[in-house]
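> With chain A fixed as given, assemble chain B onto it according to the hints.
Okay, here's what each chain looks like letter by letter:
2 protein chains.
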Amino acid sequence: MTEGAIRADLIIRNGLVVTMDRDRRVIEGGAVVVTGAEITAVGDQALGERYEAVTVIDAAGDIVMPGMVNTHCHAAMTVFRGLGDDIPDRLERYIFPLEAKAVTAELVYWGAMLAILEMIEAGVTTFADMYFFEEMVGKAARDLGMRAVVGETVIGFAAPDCATPEDAVARTLAMARDWGGDDLVQVGLAPHAPYSLAADTLRRVADVAREADLPVQIHLAETQKEWDDMQAAHGRSPVAYLASVGLLNDRLTAAHCLFADEDDMAQLRDSGAGVSHNPGSNAKAGKGVAPALRMRALGIPVGLGTDGAMSGNTLDIFSQMSLASKIHKLEQRDRRVATAADMVAMGTIDGAASLHMAASVGSLEAGKRADIAVVSTKSTHMRPLHDVYSALVYAAWAGDVRHTVINGRVVMRDRKIPGYSRDKIYREFDRIAGGIKGIAASL
Amino acid sequence: MTEGAIRADLIIRNGLVVTMDRDRRVIEGGAVVVTGAEITAVGDQALGERYEAVTVIDAAGDIVMPGMVNTHCHAAMTVFRGLGDDIPDRLERYIFPLEAKAVTAELVYWGAMLAILEMIEAGVTTFADMYFFEEMVGKAARDLGMRAVVGETVIGFAAPDCATPEDAVARTLAMARDWGGDDLVQVGLAPHAPYSLAADTLRRVADVAREADLPVQIHLAETQKEWDDMQAAHGRSPVAYLASVGLLNDRLTAAHCLFADEDDMAQLRDSGAGVSHNPGSNAKAGKGVAPALRMRALGIPVGLGTDGAMSGNTLDIFSQMSLASKIHKLEQRDRRVATAADMVAMGTIDGAASLHMAASVGSLEAGKRADIAVVSTKSTHMRPLHDVYSALVYAAWAGDVRHTVINGRVVMRDRKIPGYSRDKIYREFDRIAGGIKGIAASL
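Those protein sequences? They're chains A and B, same order as listed.
Each residue of the first sequence is one higher than the last, beginning at 47 in the working numbering.
Each residue of the second sequence is one higher than the last, beginning at 47 in the working numbering.
Here chain A stands alone, though its shape is the one from the complex:
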């Protein structure tokens, strides 16, 4: 050990460090120092040289950025990727029946394993998930070292693993007990949507969330039909209805929010809720464009989400940053809006804030968890590096990620996954996905 050097566990040196801190500092030749699960210092080359660590990553020629946050996902749906694209009315006519026949705990585990592998390969370090057998998603996250908020779907009909919404709530509470205090996996409540649950159930979920101190995620204001139906049934917008049942508060992350007017957005802002913007899923479904820029301007934390792989179809945030920028510039007919730097914020710190986790993740700052993506600038399409935000949003793809660090652990190094066999995941996943086509054909 060098005389006077300070001990750390991991140092990433010589990188172009995009901190996404309050000042949006970008440090050339910078260093990020990690001790245990925590970032203990971020600074220039001189700072990096004051430390010594067992694991040193030389990031010369690389961008060092906060790990990205995927704020809305149904990870296990990777097994269905490529089914039912380009067809109408597919949620009720296709997806729900398919899930009823196909979804098992084993499918969820291996589907989530592939999804999490895909996210790690893409520099995603936190994701919020909503599905069935959600304890298997928690287990998969643990097995691969991924940070996750897992929510068992509460829905108004018999689900693959729960006969009633009350069963799903009970399952969530059991999970919350099992995973309590876990460093990586946080359990939350996941009522499916305002339209798929009775008002009493929604109120009950709000009560349970408060009592058990759990975060809540929901699909909200996703379609014109939902807006119309809410107006017809309750004389209110989806957002206003959600407020009326007690769910619009600072525990909530609302996915989609396409159909929100100025009153709704004011209510969202005042409530402290976060929003998950899913531009790829929404566009591919022909549903519309969420007023994400307006919500951002109002101070609502808006992150990016991929939705499930039947919607997205990939789970990386690079493709969402790129698409979000283009869709909003297009909608406003103005190339100045939705800048590259804004998109990187949405993919990192604002995503963390939308999940109410910005105190611990989403930027590279001392005291936060060490969730880091290291992105190569040396591939052909990343040259030259005139502007780092532009490179990340308009040129990078997920394959440019070299290393991924979660909670201080290097979960991918030079695109290898230490401590887990990628081939094993592929083998088990392929076996399960291979059985899906027959089930889908029989629907």
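Just so you know, the hints here were simulated from the structure itself, not pulled from any lab data.
Treat the hints with care, as some may be off.
As the list claims (entries may be wrong) - Derived coverage of chain B by chain A (criterion: at least 3 residues anywhere in the stretch with Cβ under 8 Å from a Cβ of chain A; other residues may be distant): (1) 123–130; (2) 362–371; (3) 377–391; (4) 436–443.
To be verified - Here are the simulated DSS-like pairs of lysine-lysine, each with C-alpha atoms no more than 27 Å apart in a straight line: (5) A:185 with B:424; (6) B:483 with A:424; (7) B:424 with A:483; (8) A:424 with B:462; (9) B:424 with B:462; (10) A:424 with A:462; (11) B:147 with B:483; (12) B:424 with A:424; (13) A:462 with B:424; (14) A:462 with B:462; (15) A:470 with B:424; (16) B:185 with A:424.
What you are looking at is a predicted structure, and each value in this text was computed from that prediction instead of being measured.
Cβ coordinates follow ideal geometry from the N, Cα and C atoms, glycine included.
What follows is chain B alone, placed relative to chain A:
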């Protein structure tokens, strides 16, 4: 040699062959046989076994598809990638002054070399280019074995290499003589746009194209301003104006065409012109959405283009297929339109047709040039393979391309570039791009 086997130069075996022929045949475990520069057979495994070749590519687990066609590019602008994003009025205030100061023959050569490398890495096998010192783009295409249509920009002010439009026409004719009969590089005329050239010059270009039998590419109907100015100056739409100067015919490929009404589209169709649809460039510029689906429905050949790297910012067609699908579904609020199979058609055979090259490239059929992309399905995000078109459009990225074949030559194998040093391209490109930032800052 096996008894009775037929000799060929290259066989690609065991692939999932997406032919993009008239019947849209997809052949599992299929084979593509190449002799010289030409595809001599396409068929099933049994057919493949009747042939023997020096070079055999085992494409088990891979998609074998026609090489993609990038129908509109300014390849050398890779040196500017990442500059001037998200700023307004940039063509006249930023790009033209930057080009006047920075563009040299050397910049064009190495900028094009990087661009062509990027396209080869992405399975692009033909591109149409419009820039200055365009003979250097032809040379770069030749050096890397890429198929290209190169057009020296004819524009109404002093360009970096030509003082007048007449000089640019003369330069084009000289290039056409130099490159006459070349197997890969075809020279064309490239009048910049209706608004940047006098009517007499446009007529002169039309005459020269007919006399010298050259294809023509132009930027057309790209902005609202262009539409308004054309109405004010000529009382016509940009398309109608182009017809009036004799350029709207079956030699033409018109890039963009955002502002085209039903009369314009009928005129386009009747003329036999092709259209290059550039959804990434148009969206990022906030310009709008070309009526590409309507043009397709009318029978106009519509291909996909990336535009230059200051617009796009990447040069691969996967990102354009993915984006085009989402943008059109969004615009029409209908997930059924712009299907994955439609997008693959636009990226391959329709792109070839838009450049009037469909007789020789754009699909895997005996008698056509052997321009082929082999795409791995084994990466995490490409699993499972429930639908090949969906995988190519909604999941693949350019890094999934394993091998690229152009004119019968394997120009990329397992992502290696035989016969050329990637490092040398990077070194020379980085040197030139490194000098750009200072020039840009001085504007």
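> A separate judgement is required for each hint: does it hold in the structure or not?
Status of each hint after checking the structure:
1. Coverage of the region 123–130 of chain B by chain A holds [criterion: at least 3 residues with CB-CB distance below 8 Å; count 6].
2. With 5 residues carrying a beta carbon less than 8 Å from a beta carbon of chain A, the region 362–371 of chain B meets the three-residue requirement, and the given coverage holds.
3. Taking a C-beta to C-beta cut-off of 8 Å, the region 377–391 of chain B contributes 8 residues in contact with chain A, enough for the three needed, and the coverage statement holds.
4. Residue count for the region 436–443 of chain B with a Cβ under 8 Å from a Cβ of chain A: 5. That meets the three needed, and the coverage hint holds.
5. With a C-alpha separation of about 25 Å, the suggested pairing of residue 185 of chain A with residue 424 of chain B holds against the 27 Å cut-off.
6. Only pairs whose Cα atoms come within 27 Å are accepted, and residue 483 of chain B paired with residue 424 of chain A is accepted, the gap being roughly 18 Å.
7. Of the pairs offered as hints, the one joining residue 424 of chain B and residue 483 of chain A holds, with about 18 Å between alpha carbons and a cut-off of 27 Å not exceeded.
8. Restraint check for residue 424 of chain A and residue 462 of chain B: the C-alpha separation of about 15 Å stays at or below 27 Å, so the hint holds.
9. The straight-line distance between the Cα atoms of residue 424 of chain B and residue 462 of chain B is roughly 18 Å, inside the 27 Å bound, and the hint therefore holds.
10. The hinted pair formed by residue 424 of chain A and residue 462 of chain A meets the criterion: a straight-line CA distance of about 18 Å does not exceed 27 Å.
11. With a CA separation close to 12 Å, the supplied pair residue 147 of chain B and residue 483 of chain B stays within the 27 Å bound.
12. At roughly 23 Å between alpha-carbon atoms, residue 424 of chain B and residue 424 of chain A fall within 27 Å of each other, so this suggested pair holds.
13. Restraint check for residue 462 of chain A and residue 424 of chain B: the C-alpha separation of about 15 Å stays at or below 27 Å, so the hint holds.
14. Between residue 462 of chain A and residue 462 of chain B the CA atoms are separated by roughly 20 Å; this keeps the pair inside 27 Å, and the hint holds.
15. As the CA atoms of residue 470 of chain A and residue 424 of chain B are separated by approximately 13 Å, the hinted pair is consistent with the 27 Å bound.
16. Straight-line distance between C-alpha atoms of residue 185 of chain B and residue 424 of chain A comes to about 25 Å, which keeps the hinted pair within the 27 Å bound.
The structure is consistent with each of the numbered hints, conforming to all of them.
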